[in-house]
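Just need the whole structure built from these sequences, with the hints factored in.
If you're matching them up, the sequences are chains A and B in order.
Number 31 in the working numbering belongs to position 31 of the first sequence; there are no gaps in the numbering.
Number 39 in the working numbering belongs to position 39 of the second sequence; there are no gaps in the numbering.
Check the hints yourself; a few may be wrong.
[As the list claims (entries may be wrong)] Simulated DEER-style distance windows between Cβ atoms:
| hint | chain 1 | residue 1 | chain 2 | residue 2 | range |
| --- | --- | --- | --- | --- | --- |
| 1 | B | S7 | A | E44 | 14 to 24 Å |
| 2 | B | K68 | A | T76 | 41 to 51 Å |
| 3 | A | T76 | B | S51 | 34 to 44 Å |
| 4 | B | S51 | A | L116 | 45 to 55 Å |
| 5 | A | E18 | B | S84 | 30 to 40 Å |
| 6 | B | G16 | A | T38 | 31 to 41 Å |
| 7 | B | H14 | A | N71 | 42 to 52 Å |
| 8 | A | E18 | B | K68 | 45 to 55 Å |
| 9 | B | V12 | A | V53 | 37 to 47 Å |
| 10 | A | R41 | B | I54 | 26 to 36 Å |
| 11 | B | H14 | A | T20 | 37 to 47 Å |
| 12 | A | H10 | B | I54 | 38 to 48 Å |
| 13 | B | T44 | A | S7 | 15 to 25 Å |
| 14 | A | E14 | B | G16 | 43 to 53 Å |
I should point out that these hints are in silico values taken from the structure, not numbers from a laboratory.
Beta carbons are placed, not taken as given, at the ideal position from N, Cα and C, and that holds for glycine.
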Amino acid sequence: DAGVIQSPRHEVTEMGQEVTLRCKPISGHNSLFWYRQTMMRGLELLIYFNNNVPIDDSGMPEDRFSAKMPNASFSTLKIQPSEPRDSAVYFCASSPGTSGYTDTQYFGPGTRLTVL
Amino acid sequence: EDKVVQSPLSLVVHEGDTVTLNCSYEVTNFRSLLWYKQEKKAPTFLFMLTSSGIEKKSGRLSSILDKKELFSILNITATQTGDSAIYLCAVERGGSNYKLTFGKGTLLTVNP
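Rendered as structure tokens:
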């Protein structure tokens, strides 16, 4: 099993540009999560999908952030326009069940985003 | 607002020592508490606790939850250098306002 796949692994962009992060969950998993991690704020849940439907997006910081899951094998997190304070490592995770966060989550390697 | 506080923030020990990591929380409609280990890259799941007083164990790691006092501890016995990592605690809120809140983590360094 390839595990959760994220791309790109590193992204450097300039303030104001649009950034799109991509995630392929583990095949057969029903739930997908997007997280952001910084030194200051730690690990934060941004959004949680179950069967491609957003269940909890209360962690999405503001309207500049949007996430989609058009099918069971692909999700995107978009930031438009990006700002320097968005610099962080963004993780995608998937889990096999439908019980929310209590199912074991498998994390991808993360995308390190730097906004100049 | 839900809150998860971990202590200590960092800890340095020698191989063979036993360590106890703490996690206290405030959450409406508690559903579960989760422990993760994060080495250089992504977090990996360790334990999920829902009931008070029941110890979860995996090798040298164990964890217990106290729902009355609102805390959990993670114990690591006979520590090894490979245990060096950030240990994250997270609390899940159930009900209609589903949410998962992480603590800032404890950085554990195990020296040879």
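Status of each hint after checking the structure:
no.: 1; hint: B/S7 with A/E44: 14 to 24 Å; result: 20 Å, holds
no.: 2; hint: B/K68 with A/T76: 41 to 51 Å; result: 43 Å, holds
no.: 3; hint: A/T76 with B/S51: 34 to 44 Å; result: 38 Å, holds
no.: 4; hint: B/S51 with A/L116: 45 to 55 Å; result: 48 Å, holds
no.: 5; hint: A/E18 with B/S84: 30 to 40 Å; result: 38 Å, holds
no.: 6; hint: B/G16 with A/T38: 31 to 41 Å; result: 34 Å, holds
no.: 7; hint: B/H14 with A/N71: 42 to 52 Å; result: 50 Å, holds
no.: 8; hint: A/E18 with B/K68: 45 to 55 Å; result: 49 Å, holds
no.: 9; hint: B/V12 with A/V53: 37 to 47 Å; result: 45 Å, holds
no.: 10; hint: A/R41 with B/I54: 26 to 36 Å; result: 32 Å, holds
no.: 11; hint: B/H14 with A/T20: 37 to 47 Å; result: 46 Å, holds
no.: 12; hint: A/H10 with B/I54: 38 to 48 Å; result: 42 Å, holds
no.: 13; hint: B/T44 with A/S7: 15 to 25 Å; result: 21 Å, holds
no.: 14; hint: A/E14 with B/G16: 43 to 53 Å; result: 50 Å, holds
In this structure, every one of the numbered hints holds.
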